[in-house]
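Chemist: Spelled out, the chains give:
2 protein chains.
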Amino acid sequence: MLFKNITILDENIQVKENMYIGITNDKIDYIGKEEPKKKYDEIYDGSGKALMSGFFNSHAHTPMTLMRGYGENMALQEWLEQRIFPFEDKLYGKAVYYGTLLGIAESLKFGIVSTTDMYYFCDDMVKAVIESGVKNNIGRGITNFTDKDIYDLDSFHETKELYNGYNNAENGRIKIDVSLHAEYTSNPKTVKQLAEYMKEIGAGMHVHVSETKFEHEECKKRHGLTPVQYLNSLGLFDTRTTAAHCIWVEDEDVRILADKGVTVASCPVSNMKLASGVCNIPLLLSKGVNVAIGTDSVASNNSLNFIEEIKFFAIANKEKRMNPTLVTPKEAICAATISGAKGQGRNDTGKLAVGLKADLIVLDLMQPNMRPIHNLTNNIVYSASGNDIVMTMVDGKVLYKNGEYTTIDIEKVIFETEKDTNNILQKLK
Amino acid sequence: MLFKNITILDENIQVKENMYIGITNDKIDYIGKEEPKKKYDEIYDGSGKALMSGFFNSHAHTPMTLMRGYGENMALQEWLEQRIFPFEDKLYGKAVYYGTLLGIAESLKFGIVSTTDMYYFCDDMVKAVIESGVKNNIGRGITNFTDKDIYDLDSFHETKELYNGYNNAENGRIKIDVSLHAEYTSNPKTVKQLAEYMKEIGAGMHVHVSETKFEHEECKKRHGLTPVQYLNSLGLFDTRTTAAHCIWVEDEDVRILADKGVTVASCPVSNMKLASGVCNIPLLLSKGVNVAIGTDSVASNNSLNFIEEIKFFAIANKEKRMNPTLVTPKEAICAATISGAKGQGRNDTGKLAVGLKADLIVLDLMQPNMRPIHNLTNNIVYSASGNDIVMTMVDGKVLYKNGEYTTIDIEKVIFETEKDTNNILQKLK
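Going down the list, the sequences are from chains H and R.
Counting from 1 along the first sequence, just add 1 to a position and that's the residue number in our numbering.
Counting from 1 along the second sequence, just add 1 to a position and that's the residue number in our numbering.
Please note that a few of the clues may not be correct.
Identical copies go unnamed one by one, so any copy, or any two together, can satisfy a pair.
Unchecked claim - In silico SDA-like pairs for lysine to any residue, Cα to Cα no more than 20 Å straight-line:
id	residue 1	residue 2
1	Lys-50	Phe-416
2	Lys-34	Tyr-45
3	Lys-428	Asn-376
4	Lys-38	Ser-234
5	Lys-91	Thr-407
6	Lys-50	Gly-404
7	Lys-413	Tyr-185
8	Lys-428	Tyr-93
Hints in this document: simulated from the structure, not taken from any laboratory.
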């Protein structure tokens, strides 16, 4: 496919107008002002539209679409114990499969090309990812409230089977990360053994860190160390790591995150909605931490509207630190794209450059909310609406265009998720 | 028009499924489970859709669409002095007319049926409101840095002419409010004379109050009173009043706002983006203040995406007061509809009830981000995306449907606003 007359955000997040972008198979093979000599099968006239990298959702629990709006305005513990845990207890593979497909459909609508996920029934998630054509770093969340070795945990064996079966499958679309749920749901032996296993196989890590003040302070009481210091002391950050939230991190923690190249996945909507706090993005960026953006689950968001997430990301720190100059639009877009891809270990995507994967979105600029255009980057971050995305492409394949899906039967998915949700609710009565 | 098979949010913001809603001329004349006996010309099958009151944007400066994204991440004073004031200095009537039409188009896309506006070149705004079919409470912002009587101010005479010419024009669609810009841009004599004039003619008031801590504290230094106490002492709240922002109000202020029936227009996105603070909605509601929602101008928002504004409204206080139970979805919807209409002095709209004006929106529920539906109110507040609105109707007339406008030539409006914007930028060089 050849895009012509299109405005792009280039690899440096600079605006260029009237460009040609050529896609062959799964890669970008041309970017230029001049028409390429090579012939392309399909021409897309991009007049009044913008092309940029798709978004990388760096922390999610996709199947939790099934719990969207189920329990609101509740205190965290009450919400977990009365709503989320009982519902999850009744989950089954088919429900997770359809819940994942629903979340993928929503992701594509909002321009997400790749997600860092943590959940269970991961085989069913893998199936949905393969069929739909998106990218995903899948992690089977590991908890351990016993003194068992990890080698005696089902969740570890599921991780191992997933890794051996699917890591880098589908032309690299699927990656299997090892996923420790959190410090407070495990113990030092588990952390240490997982860190050793990861180093042995070269896998990445996905873990919740310092989401609530309570979690952060309790860890200090238990171990005399913050969660970042504790996990680092056990080697958990020795391979590529995504640490979700990091709201309550301290100065020494920030230094460790920067030194170890840990990606912080900030989830501003969920964090504000659950009253957990606001991650200090300006501080992390100033110290050289790789900062990405996550939606967290829709049970606490309650959408995968990444355009909205980017706006919250750009605005939350302005209020929190009482300074309107904090977090620039360019920093927000970088977090949503380049830094997200880096956090997923995907060095072949996240920006527009020849030779990289064609993981792209097209935005409609002829919407009243996108006009006038003093500065397109400002408009994308502060003015765009989720549905201004009119095309989402992954590995060169159009998966979403003008409200239609090419790989997902959305009516069937809505019907099946509604049926499974009602089925689970019946079991809870 | 007759809506059938549609889910509604009724006048108590309760969900009712499979309903019939009849519209004749500008009013709702039927709501029921049974098919009405009366015949309607047009039938709208509402399967998979929801019908609710349109949104009331309770604080805006609509023509500032022209300054969308013009100057970002700047400190407030620098932003005003280097960007906004110079640009506004070069404005002219035609630019305001098209800028208003662009803002109205954006408003309709995002479900806003009526706006409380403060600006100048109000004749041009009136023209755009009349042509487009929306509702607007228009106020000519009055400032006075001299010791002149208001009767010697051009802005007062413009207000008077607007009031005599257009108040309640177009079947009540247009209301002219008197608009004092703020305490810090006027003086006690001006406030007193405006309050007397308003009482004489029975007009409403629209004023900025305690938006920044600096404004609030300086007023206390100048007058020994908070802005609310000062304005109230001069009689400004003796007629229907909308006070925008009210972020820094104190306990005594809240008591006054409740006693005087003042509507507080909270603008969460603009307030967070400018780092002004977060209005204490739970406190105001608990003391009986009528709380509505505003977008403020797109120069500081930067959109009129009311669905997004409602989500910020519902979430901002959870984080600010570290309590996830604060601001319920029902409170957020009430602020966006019923309380907004009340603040505009529109007692004939803001909810679905027989005999009221048909100022309505239709939401598409077959979008992946709206499924499953555990609770529709939760999904509208936390999960909806701006463009899930597929129809906006004002006074019984469809003004927006499936991305198309019936009264606005959107391509021409985009072309003209872009031309006027460039024209103004040229003059600034």
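Chemist: Compare the structure with each hint and give your call.
Modeler: Right, here's what the structure says about each hint:
1. Lys-50 to Phe-416: Result: close only across copies, 15 Å inter versus 33 Å intra.
2. Lys-34 to Tyr-45: Cα proximity of Lys-34 and Tyr-45: one copy only (15 Å, versus 48 Å across).
3. Lys-428 to Asn-376: between (53 Å within a copy, 18 Å between copies)
4. Lys-38 to Ser-234: So Lys-38 and Ser-234 fail the 20 Å test inside a copy (56 Å) and across (75 Å) alike.
5. Lys-91 to Thr-407: neither (31 Å within a copy, 49 Å between copies)
6. Lys-50 to Gly-404: both (16 Å within a copy, 16 Å between copies)
7. Lys-413 to Tyr-185: Answer is neither; intra-copy 39 Å and inter-copy 59 Å both fail.
8. Lys-428 to Tyr-93: within (12 Å within a copy, 65 Å between copies)
Of the numbered hints stated above, those contradicted by the structure are hints 4, 5, 7, listed in ascending order.
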